[in-house]
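J.: Given next are the chains, with one letter for each unit.
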Amino acid sequence: MERYICKAVDTIRSKVVALVRRRGLSKSLLAAIVVIVVIIVAAAVLMMQGGGGAVKEVKVGVVLPLSGKLAETGADLKRGLEFAVEEINAAGGIKSLGGAKIVLVFGDSAGKPETGAAEAERLITEEKVVAMLGSYQSAVTKTVSEVCERYHVPMLNPESTSPTLTARGYKWFFRTTPHDEMFAKQHVDFVNWLNKKYGNQIKRIAIIHEDTEWGTATARAWQKYFTQAGYQIVKVVSYHAATITSMDSEIDTLKAANPDLVLVASYVQDAILFVQTAKQRDFNPKAILAQDAGFINPSYVKQVGKDGFYIFSREVFNWDLGQKIPKLKEVNDRYKAKYGVDLNGNSARDYTGAWVLYYALEEAGKKASPANLEEFRKAIRDALASLNIPGDKLIMPWKGVKFDSNGQNTLGQGIVVQMMEDGKYHTVFPEEFATAEPVFPMPKWSERG
Amino acid sequence: MLQFIKEGLSGRNGQYFLIVAAVMLVAPLIFWKLDLPFAANAMLLCLMFSIMAMAWNLLEGYTGQLSFGHAVFFGVGAYTTMILMLYYGVTPWVGIFAGGLVAALVGLALGVPLFRLRSHWFALATIAVGEIFKLIFISWDYVGGSAGLQSPIVPEEQKLYYLQYAGSYVYIYLALGLLGLELLIMYPLVRSRIGYYLQAIREDEDAAMSLGINPFKYKMVAMFFSALFTGIGGGIYTVRFRFVDPFAVFDLISVSVYITIAGILGGIYSFVGPIVGSFVFVPISEYVRVYVVSRFPRFYGLHVFVLGVILLAISLLAPEGIMGWLEKKGYLRKREEGGEEG
Amino acid sequence: MVGLDYVANAVVSGILIGSVYSLVGMGLALIWGIMDVINFAQGDYMMLGAFITYWAFTLAGVDPLLSVPLSFLVTFALGVLTQRVVIERVLDAPMVSQITATFAVLLMIRYGAEAAFGPYTKRIYVPYADVIFRFGTISLQLPRLIAFFVSLGVAVAFYVFLKTTYTGVALRAVSQNRMAAYLMGINVRKMYWIAFGIGVGISAVGGTLVATFLPIHPEMGGFYALIAFIVVVFGGFGSVFGAYISGIIIGVTESVSALFISPSLKDVVAFLLFIAIILVKPTGLFGTEQR
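Residue numbers (numbering that gives the first Met the number 0), protein chains in the order written: chain A, 0 to 448; chain B, 0 to 341; chain C, 0 to 290.
Here chain A stands alone, though its shape is the one from the complex:
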């Protein structure tokens, strides 16, 4: 058959060449038509070669920042997902589908919203995935989930925290992690708790944040919930993290407002600069409470040294939680044996995300078959919407997983950690997960060793 095609193409080509040589408008039109015909024939031949197989596996698409500045994080998330899927498959796969294995198909967003969207389209239409996981950065998750919504593919997002994601009324989008507003509310709970414990020392609050969506949204939520709770916001300072070379003026503005508590939303470099400058300018609020990100990044922890002691940070996860959650210790031991590192907030959240999706796949398998892709995707969506997983099945410090009508898990929560003098973060809040007593107020710079 190939021989015939080649021959046909040759003949046509020679005719085209002849036509083009003779020039003339109408003939060139003819040539164009011939080219079109060739392409269509070739396409038709290619199409005939397609074929289907039996349902031995279920493909799940994942868009993550596998390259780019967040490649390190992307690799971490990928490990968490792969580890969970390995466990699921080893335990017999999706039983309601006769033990079908889950296969993850990855797409790289490079951290760009438009690239993420294009990759999601590829995974959905070319790879025919039944559901999607990912995509870490909220901007990328926005476009990826939009594509999923449009193609009617369920998307489970284990790790983006922008509140707007679940405020869009999407029907196919589910998020297991708490979002920034929930975290801000929890910050208020934590400060109330501190005040109760140590006699109302915190009244005046200042905020400093970097100016991307994450920092801005966090600051806005802080302002809203702390004002509601009766605290006085005395100063809000924002800065551009990518180009900051000195923070003296920013810290001085905060210092002039004389706050009891400073709330910080920073990435790594600016977090280090913040702590250093606070020390240099002898800025001594009673407490510093950060919104994870830079402050819990391993390179921050490694580089900040003793200047980082006593700073509070909100976290989703911490190494010492194993003492309080037996299942976590067990999973972490296996994870560490395999990859040589502990689970962290990112890998643990994605690990959990994969398991949640698995529970939904089990349910969906009872009602539909992946052979009918559309129906199966719908069944997964419905299963996710009615899912109710109790907290003891999870490795996260959550009360469980149950989605509201916007797809937000209502049972999730964060924790608050504090860096102690061993240079490690310890969980101090909520009390049921706490492994240490908080140090409050933090010692003045001049009183430290």
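Note that these hints are calculated values from the structure, not bench results.
Think of the CB as a built atom: it goes at the ideal place given N, C-alpha and C, for glycine as much as any other residue.
A few chain B residues facing chain C, derived, Cβ under 10 Å:
| hint | residue |
| --- | --- |
| 1 | W120 |
| 2 | A127 |
| 3 | L311 |
List of simulated lysine to any residue pairs, SDA-like, C-alpha gap at most 25 Å:
| hint | chain 1 | residue 1 | chain 2 | residue 2 |
| --- | --- | --- | --- | --- |
| 4 | A | K127 | B | Y290 |
| 5 | A | K170 | B | P151 |
| 6 | A | K285 | C | V130 |
| 7 | A | K234 | B | I135 |
| 8 | A | K443 | C | R133 |
| 9 | A | K278 | C | S261 |
| 10 | A | K337 | A | A74 |
| 11 | B | K32 | A | N371 |
| 12 | A | K398 | A | D332 |
| 13 | A | K234 | C | V6 |
| 14 | A | K68 | B | D250 |
| 15 | A | K443 | C | A7 |
| 16 | B | K327 | C | D91 |
| 17 | A | K301 | C | Y124 |
| 18 | A | K443 | C | I131 |
| 19 | A | K127 | B | I29 |
| 20 | A | K285 | C | D4 |
| 21 | B | K32 | A | R149 |
| 22 | A | K55 | A | T124 |
| 23 | A | K301 | C | G117 |
Here the structure of chain A is known, so what remains is to put chains B and C in place on it, guided by the hints.
T.: Below, chains B and C without anything else, positioned relative to chain A:
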């Protein structure tokens, strides 16, 4: 205009044009039938960059004003289309052109101070302007600040009005149509007196002035059309991805510099050079990114490094670009007028 | 609300960071002044300087201050290489080729470094990083203070070099009139190598100094290059002395404006200043000629 179309389509170059156009019209159908969204998306990006690189080249190739700030017009076009759609319910069929128009007005406003600068200074100032726009949009709440804007999914019956389709296939035809429109406007423009004035300004501004050409006036004309079509390119981005944020649309490297590389690679002294450049450059960059960088994420940055090598090679070995090189080697017939294309 | 003591500190901290901007700007001004070529990759040579320091410190424990000569010499060599392989060939080419050539160099250095070192933030911990001097309400970090004095020293040394040595005089001659210098028996080509080498070398010293008190990463050069352009335009075309002063002025502008307007807009102020200056006085504050 008709005689320009006739003139453009006659001769051997006209035949090439028709064949290419036919292939372009059929290709998305094939991508769609075979489920090749990646290829389709790459083609759309090629077209988008063709539109913008061609617009950019009106300023650089014809007028001699090197801009590294076209992300400004791209971003303004994208944001205008989005804001009209989101806040005022204006269909992008109008919004894309409105976006182009607003970008063109921004271009004129920027032209007043910027065109007082020459050569290096102009190029430098455009970089600064691009950064300023990014920073302002980041802290401007009306346009969504750093979170950007996303348009909601509309019900089935409003699809056509809001131009919302899955995949890139429909948008390829949109981009083809807009590229066609651009050719229809640009071709007569550069062959008109204005086009020759612009080239005179490029060759020697003082000499042009001494011949009674007002360089400022004609630079502004070039700026208007250049910004107009770059803004339209931004509008295509908006309808295609339905999401804009300042980091993506005002990016120096992935918008301004990409446009520049596409234009220079194709050949700035050739009318269709930037289109050729886009269709060579965008697939290379996409291919390297998807098939090389994804495999070896450890070596992220390699794809841009490769672009650097390509750019260096062109500027040292073939500063006249692909089209210029082909003409020099005699694979393409030079235009009769010589000066403009050769 | 914001007291005068804070303004004093903002001025001092602006002077300290500004002295680093000055070094990057001086390098750019030298190359620009002598060859009439804008080196878009200037900030990336600075980044290389920072990374040379980082690796010398991490691998061999070399103190960043001792690696100043190292980082200067290595980038000097790279600069001469760049001049020979790239810049020389586009000196007489149209402007677009010049700009794209140096832009290509920028892409290759910046993203080559990203591929080689990884895109991550790195940091040097010098033993004296925590030493802080206090004068009333003004506080100074020792590494920033050292950076200021080293930068001042480099500027003075460079000034003396230009005024007293044969090479320095020859460089100035070439910059004033290439043809005349050539006729006087000066090896113009060699002078260009030296000019480019010194130009990027000085910026690399800036990178070394920055590495002692700020985290470094492969894309850091972009910001410093923009600052360097502002510095050069402000200080006047090709004026090395002007570049030094204007670097400090810009540092102070940034840090004082951060006190009074939103800090996230302080770069906007700098860029607007930049455009305003090239419009109002394209010769810069200290410049005399413009081509």
